[in-house]
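Engineer: Taken in sequence, the protein lines are chains A and B.
Numbering (my numbering) for the first sequence: 1 to 346.
Numbering (my numbering) for the second sequence: 1 to 326.
No lab work stands behind these hints: they were computed from the structure.
All the given hints hold, so there is nothing to weed out.
Residues from chain A that keep clear of chain B, each with C-beta distances beyond 10 angstroms, as calculated:
1. K53
2. A103
3. P121
4. D146
5. L185
6. L218
7. D309
8. G325
Under 7 angstroms between C-beta atoms, here's a sample of chain A residues computed to sit facing chain B:
9. S64
10. V201
11. G230
12. V231
13. A271
14. I272
15. P273
16. P275
17. L281
18. A282
19. T284
20. D287
None of these values were measured; they are calculated from a predicted model.
All residues carry an ideal CB built from backbone N, CA and C; glycine is no exception.
As a plain string of letters, each chain reads:
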Amino acid sequence: MHEPRDRAVERKPDDDVILSVEDLAVHFPLAGGLFSRDRRLLRAVDGVDLTLKRGECLGLVGESGSGKSTVALSILGLQAPTRGRIVVDGQAVTDGPSSDRKALARTVQIVFQDPYASLNPRQTVRRTLEDPLRVHGVTAASEIEDRVATMLRHVGLRPEQAGRYPHEFSGGQRQRIGIARALILNPKIVICDEPVSALDVSIRAQIINLLLELKDTLGLSYIMISHDLGVVEHMSDRVAVMYLGRIVENGHWREIFERPAHPYTQALIAAIPDPLRHAPLATTGGDLPNPLNPPNGCAFSPRCRYAEDVCRHEPGPVLGTRPDGHTVRCWRADEIAGSGVLAATE
Amino acid sequence: MTAAPLLEVEDLRIDLDDGARRVAAAEGVSFRISRGETFGLVGESGCGKSITALSLIGLLRPPLSIGSGVIRFEGREIQHLSAAAQRDLRGNRIAMIFQEPMTALNPVSPVGRQIAEMFVLHKGKSWREANQLAVEALASVRVPAPERRVHDYPHQLSGGMRQRVMIAIALACGPDLLIADEPTTALDVTVQAEIIELMRNLCAERGTAILMISHDLGLVANVCRRVAVMYAGRIVEERGSADIFRAPAHPYTQGLVDSLPRLGSRAALGRTRLKEIAGVVPAITSFPDGCRFNPRCAQASDICRTNAPTADFLEAGGLVRCHHHA
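With the rest of the complex left out, here is chain A (with noise of 0.2 angstroms):
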């Protein structure tokens, strides 16, 4: 019933593994005053591990601010990682020439969350799908028009409709573009970040379906990026939960919603208003902290009900593998795990 687990940083090469994110580091500068010498920075991410298998979904899940996006723009390869190792499909892309963006794009492509805004409006959806390809060195154009209306069939448009432009469309439709001219290059991985967010609840259901589907029949891979659990569990797999540019838990998508062993994921789940039981919502007080002035020792500590001294001291919490097999980054992680029902009912 259950998959395979990644168990350590330490592995050995895997052919099942398409995507390996290795220690990754993005810190960003910020500029102090003129004679200011405290150098200021921005840990947007911090030493995040994380694989991706063939085939599978990966959930990526956090508030914003915690740096599940930039994770992504890292592994697009639009994000140069002060730190760390990227190897998409045996190619590490964090130490090659700049000319290997084209070879990244044709492996790693994104839908976004908006499909409003990601679309160019001027053009039509013809020339939104040819672009990528003429790039790439597709310049027939009886193979143009074929791999358009191939692909618009297999996000359920009409070849007929490649004429038209985004706002012809309807916000479920222009969604089906993106997904179009994500997939338009036959890449192995697809960053879904926040797919149906924007969407009308009554079509979210549609994208989803198809997201699945077209994840078995081109045999891809995903990393889904959303703050909705129930689509996270929905489609995932395996489930990384991220708060403040760290991993502090990780594992496959039963463990994490049955079975959360960090206060945050807990939290998190018990977020979620279920509409028959009038239950308390909160579980934390407060908002994710100033990540320019990091708490001590625990990034959650202090929102965490279980915090104790160890966790407001340095070094922070590493994480450990629970007896499931899933990695969390807590120090108490041994007497909270599973008391999430316990939580709710305090």
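Could you slot chain B onto chain A? The hints should help.
Structural biologist: Same frame as chain A, now just chain B:
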């Protein structure tokens, strides 16, 4: 028991004047809210839920206007009140919080002043007294160090803190009705949970009724006792919030409930294909004849394409507008 409900909306129609003609952006909207009750209005963008809320506090602006219908607050018709009388009601007896606190707050005024303003305008307090009350109001929405925070400008606060300020402003004069239009849509889930609990607790303590507007059926059902679902300008179903999830009667509500991946459903049932609602939400200018959901409805028959269904009252309580309801 026989006292007039706090708010009563009867057969409200809101017109949209698109230059050439008037179309109904919402019509036949009726509901009532009792004192201290929590009532939710749910629907997708363009269904008319937000303009219904705006009409209650006289904030509809051209091209939108009230076409017909009656809005009663404590038994008194308020839809044609003078601007001055409406101002007196608004903020004082009926208050509203909006989705995006950054645009709803004045960016060039300290938040304390924006709260104090309420006491000066509606309660005739001096600025000195009002400033003191503003500190208390901020403390009541659990903003830490309120005596310092009153001097902050909105941009200095986080999204969650800004929404707390909005709630402090809205509840400053002890209104009888709080209208919350997507109050947490712009916030992260853990912050949403805190804001919802704060709003719910403060209103329960003070006996303030809540009209909550959202696209999130799960959230509304969690907060409110009763829920009305709007589709294309009409209320299609109104039920107790647990009933609407357990046994939705309208095919649209049923579709919404079935189409959402619920937390825990995959663990219980495995990953099943989500049920889709076919088609798209119709535009205001091209609402279909008959039942407006009929082009997307699997159960639609001839009568659905010609006759708009009237309200059927359900035995278990609540009402539904469907020719073939469950």
